[in-house]
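**Q** Chain by chain, the residues:
There are 2 protein chains.
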Amino acid sequence: MQPYREMSKEELLKEKEKLEAEYRKYQHRGLQLDMSRGKPSQDQLDLSMEMMDVLTSDHDLSCDDGTDCRNYGVLDGLPEAKVLLGDMIECNPDNIIIFGNSSLNIMYDTISRSMTHGVMGNTPWCKLDKVKFLCPVPGYDRHFAITEYFGIEMINVPMLSTGPDMDLIEKLVSEDEAIKGIWCVPKYSNPQGITYSDETVRRFARLKPAAKDFRIYWDNAYCVHHLYDINQDHLIEILAECKRAGNPDMVYKFCSTSKISFPGSGLAAIAASANNLEDIKKQLCVQTIGHDKVNQLRHVRFFKDIYGITEHMKKHAESLRPKFEMILDTFERELKELEVGSWYCPKGGYFITYETLEGCAKNVVARAKKAGVVMTPAGAPFPYGKDPKDSVIRISPSYPSLEDLTLATKIFVVCVKLSSIDKLLKAEV
Amino acid sequence: MQPYREMSKEELLKEKEKLEAEYRKYQHRGLQLDMSRGKPSQDQLDLSMEMMDVLTSDHDLSCDDGTDCRNYGVLDGLPEAKVLLGDMIECNPDNIIIFGNSSLNIMYDTISRSMTHGVMGNTPWCKLDKVKFLCPVPGYDRHFAITEYFGIEMINVPMLSTGPDMDLIEKLVSEDEAIKGIWCVPKYSNPQGITYSDETVRRFARLKPAAKDFRIYWDNAYCVHHLYDINQDHLIEILAECKRAGNPDMVYKFCSTSKISFPGSGLAAIAASANNLEDIKKQLCVQTIGHDKVNQLRHVRFFKDIYGITEHMKKHAESLRPKFEMILDTFERELKELEVGSWYCPKGGYFITYETLEGCAKNVVARAKKAGVVMTPAGAPFPYGKDPKDSVIRISPSYPSLEDLTLATKIFVVCVKLSSIDKLLKAEV
Chain A
1 MQPYREMSKE ELLKEKEKLE AEYRKYQHRG LQLDMSRGKP SQDQLDLSME
51 MMDVLTSDHD LSCDDGTDCR NYGVLDGLPE AKVLLGDMIE CNPDNIIIFG
101 NSSLNIMYDT ISRSMTHGVM GNTPWCKLDK VKFLCPVPGY DRHFAITEYF
151 GIEMINVPML STGPDMDLIE KLVSEDEAIK GIWCVPKYSN PQGITYSDET
201 VRRFARLKPA AKDFRIYWDN AYCVHHLYDI NQDHLIEILA ECKRAGNPDM
251 VYKFCSTSKI SFPGSGLAAI AASANNLEDI KKQLCVQTIG HDKVNQLRHV
301 RFFKDIYGIT EHMKKHAESL RPKFEMILDT FERELKELEV GSWYCPKGGY
351 FITYETLEGC AKNVVARAKK AGVVMTPAGA PFPYGKDPKD SVIRISPSYP
401 SLEDLTLATK IFVVCVKLSS IDKLLKAEV
Chain B
1 MQPYREMSKE ELLKEKEKLE AEYRKYQHRG LQLDMSRGKP SQDQLDLSME
51 MMDVLTSDHD LSCDDGTDCR NYGVLDGLPE AKVLLGDMIE CNPDNIIIFG
101 NSSLNIMYDT ISRSMTHGVM GNTPWCKLDK VKFLCPVPGY DRHFAITEYF
151 GIEMINVPML STGPDMDLIE KLVSEDEAIK GIWCVPKYSN PQGITYSDET
201 VRRFARLKPA AKDFRIYWDN AYCVHHLYDI NQDHLIEILA ECKRAGNPDM
251 VYKFCSTSKI SFPGSGLAAI AASANNLEDI KKQLCVQTIG HDKVNQLRHV
301 RFFKDIYGIT EHMKKHAESL RPKFEMILDT FERELKELEV GSWYCPKGGY
351 FITYETLEGC AKNVVARAKK AGVVMTPAGA PFPYGKDPKD SVIRISPSYP
401 SLEDLTLATK IFVVCVKLSS IDKLLKAEV
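The listed protein sequences derive, respectively, from chains A and B. At position 404 of the first sequence (counting the first as 1) the number is 404 in our numbering, and the numbers step up by one without a gap. At position 177 of the second sequence (counting the first as 1) the number is 177 in our numbering, and the numbers step up by one without a gap.
Just so you know, the hints here were simulated from the structure itself, not pulled from any lab data. Hints are supplied without guarantee of correctness; some may be wrong.
A pair holds if it fits inside one copy or across any two, identical chains being indistinguishable in the list.
DSBU-like, lysine-lysine: derived pairs with alpha carbons at most 35 Å apart [what the hints assert, rightly or not]:
id, residue 1, residue 2
1, 370, 281
2, 282, 389
3, 243, 336
4, 281, 362
5, 130, 282
Every value quoted in this text rests on a predicted model; they were computed, and no experiment measured them.
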């Protein structure tokens with residue numbers, strides 16, 4: 001195989017003809033395959049079924065300090081649930097508040113509270129002319145949806161292989177007081193699977209933002225979502241690093257068990273400094289009497305401790321690893337030498353990102369759809385849905401069976417090749 | 001017994017001496033009794049323990065339409081959960097969104113959304129100079145805490161035996177565009193136990209508010225919380241009544257199963273017109289991917305249908321009824337003829353309100369505390385914690401055992417008598 005761009009027009013046209021025949025063959029099969037959603041598969045969900053047996057009517061539903069988990073009370077979470085999630089995200093349990101089932105909901109509420117009441121005594125954002133957020137791109141569309149919903153201006157920051165471009169971030173936050181936050185998925189990032197380097201985390205902790213109420217929104221969604229046991233990424237713990245750097249209040253850390261136990265029926269939490277937690281609790285005690293403690297107890301009784309989570313995540317990895325490896329192997333075999341795009345090989349998380357030649361992503365996604373393969377819409381991983389280069393495609397390997405995924409990947413590869421040839425042919429004109 | 005105010009100073013002093021001896025006797029016992037909190041008792045919680053057995057690893061966790069409840073998705077709730085709660089609050093399931101565990105949280109979020117984004121296209125409240133809410137008093141302190149937190153000015157509206165003073169409400173809402181809402185607990189109201197009369201509900205539905213974005217916050221917290229099966233209050237369904245009156249969008253209705261299954265681990269919901277629900281969902285889809293569907297399924301499998309809830313609530317009534325009756329009997333026997341206060345005899349809900357002579361409530365609560373009986377702080381059922389007449393005391397019979405409650409009620413009665421005598425003696429000076 002030689003790179004497409006080194007091929008003559010005739011060679012490209014010949015290759016195209018061959019690929020179109022293959023593409024039509026897939027089209028005629030009337031397939032319905034889905035690589036669009038970061039959802040666990042059914043066999044991953046089955047891994048947690050025994051969680052349904054740890055709290056039956058035979059069990060005592062009191063936690064260690066004697067609190068009856070069935071009744072009202074306990075605003076910030078059961079002590080043993082704080083220990084479990086604290087160990088998971090490497091935080092002191094005292095720095096944690098356990099919420100309901102959704103870390104996205106915590107992030108939304110955090111932004112909403114900042115809008116109406118401000119951050120630790122600073123002016124509420126709704127009283128300011130302009131509020132801006134930095135958005136490492138590509139990133140998580142639901143993050144961007146929150147900031148867009150609140151009319152917060154989003155500024156793209158390119159992702160590098162070490163994490164977001166820190167030179168740019170340092171410059172922007174130190175100059176512009178309107179910049180109040182940055183969205184980060186620091187480990188096995190959504191969608192690329194990149195883990196921020198040690199230097200990146202240290203530079204984050206040492207930011208000198210112009211805005212006193214600037215906060216890093218550290219969405220540690222994939223903290224224990226390794227594909228390999230030994231060969232896993234390490235991320236420096238940001239709360240401790242911020243404390244060491246003299247910026248203890250600069251970060252909110254979010255996590256959930258959505259892709260550990262059951263999405264929608266897991267636990268979510270925020271970790272932050274004592275000052276931030278105090279600020280949050282002032283609001284939280286008005287918003288609710290408390291979150292679902294029975295479900296907190298259920299998680300504690302099922303996982304027991306962090307080792308329980310480690311072992312559990314190995315089972316998830318066994319389901320996910322072959323899917324990731326199949327896709328990456330296929331890309332390596334089918335696409336690498338053609339030089340029609342690039343990708344990062346993640347060691348964890350839920351996504352692989354394929355970066356096409358400029359201007360091809362939408363085309364690939366549309367083409368795949370016509371052959372029965374649903375992908376995340378091109379542009380989705382960018383603020384306002386606009387990928388400036390139209391090149392990023394997020395691939396979600398988790399939900400389909402390996403068999404379906406293998407077929408979908410083959411079709412995707414054909415679509416990438418076709419779109420790349422089209423682009424090169426057009427460029428020649 | 002004759003009314004205290006008809007007694008001579010000498011008779012009052014003699015009575016006081018006798019009561020003080022009794023009070024000191026209680027004080028010396030070092031009691032710790034609690035009538036402050038509207039929490040179910042342990043035996044009430046035990047009634048729902050079998051809910052823990054309906055979803056074990058042997059069960060299929062799919063709902064009727066095949067959705068796997070363990071995975072992501074379903075923003076507005078399982079269809080069968082909507083039917084269950086719809087039957088409970090007499091609404092079309094299509095007019096319902098199921099949320100997480102807390103109706104208070106829904107109310108908070110509703111106010112918060114109105115602040116930042118406005119109601120159905122109207123100006124966000126945070127952009128207005130002034131926002132006001134009507135607060136029937138006495139009312140629920142957590143309602144008032146939300147409006148206070150958002151800097152919304154609260155205007156007291158007196159409760160009558162038929163519900164809030166509708167003459168005043170009609171006048172205020174038609175004149176003042178800054179009035180954006182009213183807090184209502186229309187059935188077995190918190191804290192008096194009053195159910196709004198048919199006329200009251202009809203007049204609510206026919207309000208002509210100056211503000212287009214005026215909404216009735218109809219917190220139907222005690223919709224099925226009857227003490228008696230036949231002798232129960234009936235409340236006209238407000239959504240249908242508003243529709244009939246040409247005001248379909250004027251009401252948000254809230255409910256939860258907190259005092260039906262487990263507080264903190266129940267289901268909460270909002271019911272409203274299609275227009276309102278559309279407005280809410282625009283925000284909700286940014287805030288979360290969905291609420292806890294496994295818990296929704298658990299409730300549906302446990303209660304099965306509205307008849308299941310009816311039968312279940314009869315068991316709750318068996319626990320609560322003797323407590324309510326004991327208190328009301330004691331008041332009737334010990335306090336009525338003295339003419340030192342008044343109360344309403346509720347047929348459901350969670351509270352009894354004792355209204356003392358003017359200026360005595362704080363004194364009674366403080367006195368009870370010194371004898372080991374904790375009451376809800378006087379003033380709590382009013383905006384800003386200020387009871388203008390210092391006369392309202394909320395009593396929560398549910399949590400203590402009948403034995404403890406009987407003792408606490410005796411002590412309370414002694415405190416009421418002593419404080420009343422003090423007041424009358426002072427008036428004589």
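**Q** If a hint holds in the structure, say so; if it doesn't, say that too.
**A** To see whether the hints hold, each was checked on the structure:
Proximity of residue 370 and residue 281 under a CA criterion of 35 Å is satisfied inter-copy only: 31 Å between copies versus 50 Å inside one chain copy. In the homo-oligomer, the alpha carbons of residue 282 and residue 389 lie at most 35 Å apart only across protomers (29 Å), although the nearest pairing inside one protomer, at 44 Å, exceeds that limit. In this assembly of identical chains, residue 243 and residue 336 lie within 35 Å of each other by CA distance neither inside one copy nor across copies; the values are 43 Å within and 63 Å between. Taking identical chains as interchangeable, the C-alpha atoms of residue 281 and residue 362 lie at most 35 Å apart only when they sit on different chains, with a minimum of 28 Å there against 44 Å within one chain.
In the homo-oligomer, the alpha carbons of residue 130 and residue 282 lie at most 35 Å apart both inside one protomer (25 Å) and across protomers (23 Å), since each shortest distance falls under that limit.
Hint compliance for this structure: hint 3 is the single one not met.
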